[in-house]
Amino acid sequence: MKQPRGFQDKPLPLFGDGQQPDRPPPVAGKLPSYIRDHRARLRERFMRGGAAAMPDYELLELVLFRSIPRKDVKPLARRLLDQFGDINRVITAPPERLAQVPEVGDGVITDFKILAATAQRLARARIMQRQVISSWDALLDYCHTSMAHLETEQFRVLYLDRKNVLIADEEQARGTVDHVPVYPREVAKRALEHNASAIILVHNHPSGDPTPSDSDIAMTEQIAAALTPLGITVHDHLIIGKSQELSFRSHGYL
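Counting from 1, position 66 in the sequence shown corresponds to residue 66 in the UniProt record's numbering; the numbering is continuous, with no gaps.
If you're looking for bench data, these hints aren't it; they were derived computationally from the structure.
It is possible that part of the hints are untrue.
Straight-line alpha carbon distances no greater than 25 angstroms define the calculated BS3-like cross-link-like pairs of lysine-lysine that follow [to be verified]:
hint : residue 1 : residue 2
1    : K189      : K163
2    : K113      : K242
3    : K113      : K163
4    : K242      : K189
Cβ-Cβ distance ranges computed for the label pairs, FRET-style [stated by the list, open to error]:
hint : residue 1 : residue 2 : range
5    : R130      : E96       : 29 to 39 angstroms
6    : R78       : E151      : 48 to 58 angstroms
7    : P102      : A218      : 14 to 24 angstroms
Glycine included, every Cβ here is placed at the ideal spot set by N, Cα and C.
Let the sequences and hints guide you as you build the complete structure.
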């Protein structure tokens with residue numbers, strides 16, 4: 001039988017035998033409908049129930065939606081959590097470590113750093129210009145948000161006025177994974193410049209264990225000795241671990 005002109009004798013695709021794709025190929029530049037629907041459902045669930053209604057990987061997906069607009073990001077979200085442990089460690093991970101993860105580019109890293117900085121600003125706003133004793137839990141939240149997931153030691157000084165209102169928060173030094181250089185004379189100088197009546201020392205232990213070392217105790221004593229003649233009190237020294245903190249005051253070191 002003669003075929004009509006232009007007719008191509010090709011077999012029709014079979015359905016249900018594994019040879020037909022489950023989903024049609026996406027149109028160039030357009031997000032596939034199954035990904036669009038998934039993103040819409042996640043956004044709706046977030047707006048309806050908030051972050052508490054979502055596991056870490058889904059919350060991380062929501063962040064990645066904006067960074068990677070044309071791809072299914074669920075596998076990447078799970079890969080990041082497998083590598084870093086939880087969403088806090090993902091967001092605060094060093095850029096060079098994030099860059100080692102496949103599919104993580106400059107856009108993803110930038111969005112993570114913006115999110116981390118925003119979280120720190122929000123936590124800081126809850127304690128600045130407020131009486132420290134009445135906002136102690138907020139102070140601890142801020143310290144953990146800022147320092148608990150750092151991979152090197154950071155030393156901060158919180159400066160208080162006569163009413164124990166927090167008037168300044170400064171990073172004094174950064175160090176290695178187990179040491180940070182601290183200069184009592186510089187702490188005293190900045191306390192005088194802020195007209196502070198008291199300070200709270202804060203540093204982190206990247207190991208996760210907040211137990212003070214002998215050098216931590218000696219350094220605290222040196223700073224207290226430098227400030228006492230100036231009429232400035234060391235209220236506390238907080239060591240921030242991964243999931244808990246240690247107070248020198250509560251443990252009898254001050």
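Outcome of the hint check:
no.	hint	verdict
1	K189 to K163	20 angstroms, holds
2	K113 to K242	19 angstroms, holds
3	K113 to K163	35 angstroms, violated
4	K242 to K189	31 angstroms, violated
5	R130 to E96: 29 to 39 angstroms	36 angstroms, holds
6	R78 to E151: 48 to 58 angstroms	22 angstroms, violated
7	P102 to A218: 14 to 24 angstroms	45 angstroms, violated
Hint compliance for this structure: hints 3, 4, 6, 7 are not met, and every other hint is.
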